[in-house]
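Chain residues, written in single-letter form:
Number of protein chains: 2
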Amino acid sequence: MSAPLPRDPIADAQRNWEEHGWADVAAPMAAITAIMRTQQILLARIEGALKPFGLTFARYELLALLSFARSGALPMNKASALLQVHPTSVTNAVDRLESAGLVARSPHPTDGRTTLIELTAQGRTVAKNATAVLNTEVFGQSGFAPDDVGQLIRILGSFRRNAGDFTD
Amino acid sequence: MSAPLPRDPIADAQRNWEEHGWADVAAPMAAITAIMRTQQILLARIEGALKPFGLTFARYELLALLSFARSGALPMNKASALLQVHPTSVTNAVDRLESAGLVARSPHPTDGRTTLIELTAQGRTVAKNATAVLNTEVFGQSGFAPDDVGQLIRILGSFRRNAGDFTD
DNA sequence: TCCAAACCCTTGGATGTCCTAGTATATTGC
DNA sequence: GCAATATACTAGGACATCCAAGGGTTTGGA
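Protein chains in written order, with this note's numbering: chain Y, 1 to 168; chain W, 1 to 168.
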């Protein structure tokens, strides 16, 4: 990371937009750019917290998802849908988690096309420990005011619904 | 993209957190996860709008930054700082933009270590056209209510300042 | 003056994401 | 019942990001 800038680069961009004839979309542009940057900052914090476990956020998410599954196992396509990432991304994550001994692939009992992913005992332990660290070091110190957390959940929830993430 | 889920997976995760002893950080966890997902959705829209120009968001951002520079040129390290990405990411983007004839590298007049990046005439044209499309197709149809845009700018601006992005 | 420390950019490697195909298995419809 | 269509997973490729390391250029203190 570099030293802090003297001025907010996104606020500058918003000013540039306004001065160049795009005043009507300058605010949404700034909001969206801020989301991109915030995601980058948060991802870096998360990856830092997970590093000691040999996990990345992508792999952690899969591990956490499995740990909450009743049977401790999920079909790959189900995991892909719930995590909302491309199937090949799940394949990639499972490959690495399997190499690390945290999950195992097993054939689906009735559908020959489907592969089930299930947590190993070690995977369950790592998931639990990683969650504790993540909750303490990242989510517990997000820096968002409680009211703002509620606003974010509301605003982004509405956005995601409109974007077609869920029908709920 | 897949079909919409029947329920919001992030709301489900928040419930899981609450039921497993992490009620105190369930809300920030949900807010942060929502930011990650929203970024993913927005990035996909942006990349889609830029595809016809042969640009990715990373390359577009560099192009847009240069188009607002008074002299139309910036040192690589300055671009890295303003875009808040690793220097190697800028090297990568410049390599590709240079191959496409949209920017050119030139030596810094007084500092032999520094390389300046400047827009070519074609680069300036592409930047202008891409900006118009992005503004019309993405920023102009973000789906965020005007009030919410203001909330996002405020909340995320505060977060970024606390994270050390700028001192402003 | 001169060498060590600081700075700038690039190369190479590890990961993650998506897309396009390709292979295998299920389901559907005639 | 069998062919056409749909689904599930994986392989290969394009890109982006970061980190670690290397080579060249400046700067600054002894």
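None of these hints come from the bench; they were simulated from the model. You may find that some hints are simply not true.
Any copy, or any two copies together, can satisfy a pair, since identical chains are not distinguished.
[Said to hold, decoys possible] Within a straight-line C-alpha distance of at most 25 Å, the following computed DMTMM-like cross-link-like pairs (lysine to aspartate or glutamate) qualify: (1) 51 with 111; (2) 128 with 147; (3) 51 with 98; (4) 128 with 168; (5) 78 with 98; (6) 128 with 111; (7) 51 with 118; (8) 78 with 24.
Taking the hints in turn, this is what the structure says about them:
{"no.": "1", "hint": "51 with 111", "verdict": "neither (36 Å within a copy, 38 Å between copies)"}
{"no.": "2", "hint": "128 with 147", "verdict": "neither (28 Å within a copy, 39 Å between copies)"}
{"no.": "3", "hint": "51 with 98", "verdict": "within (17 Å within a copy, 35 Å between copies)"}
{"no.": "4", "hint": "128 with 168", "verdict": "neither (29 Å within a copy, 40 Å between copies)"}
{"no.": "5", "hint": "78 with 98", "verdict": "within (18 Å within a copy, 42 Å between copies)"}
{"no.": "6", "hint": "128 with 111", "verdict": "neither (31 Å within a copy, 52 Å between copies)"}
{"no.": "7", "hint": "51 with 118", "verdict": "within (22 Å within a copy, 38 Å between copies)"}
{"no.": "8", "hint": "78 with 24", "verdict": "neither (41 Å within a copy, 29 Å between copies)"}
Hints 1, 2, 4, 6, 8 from the earlier list are contradicted by this structure; the remaining hints agree with it.
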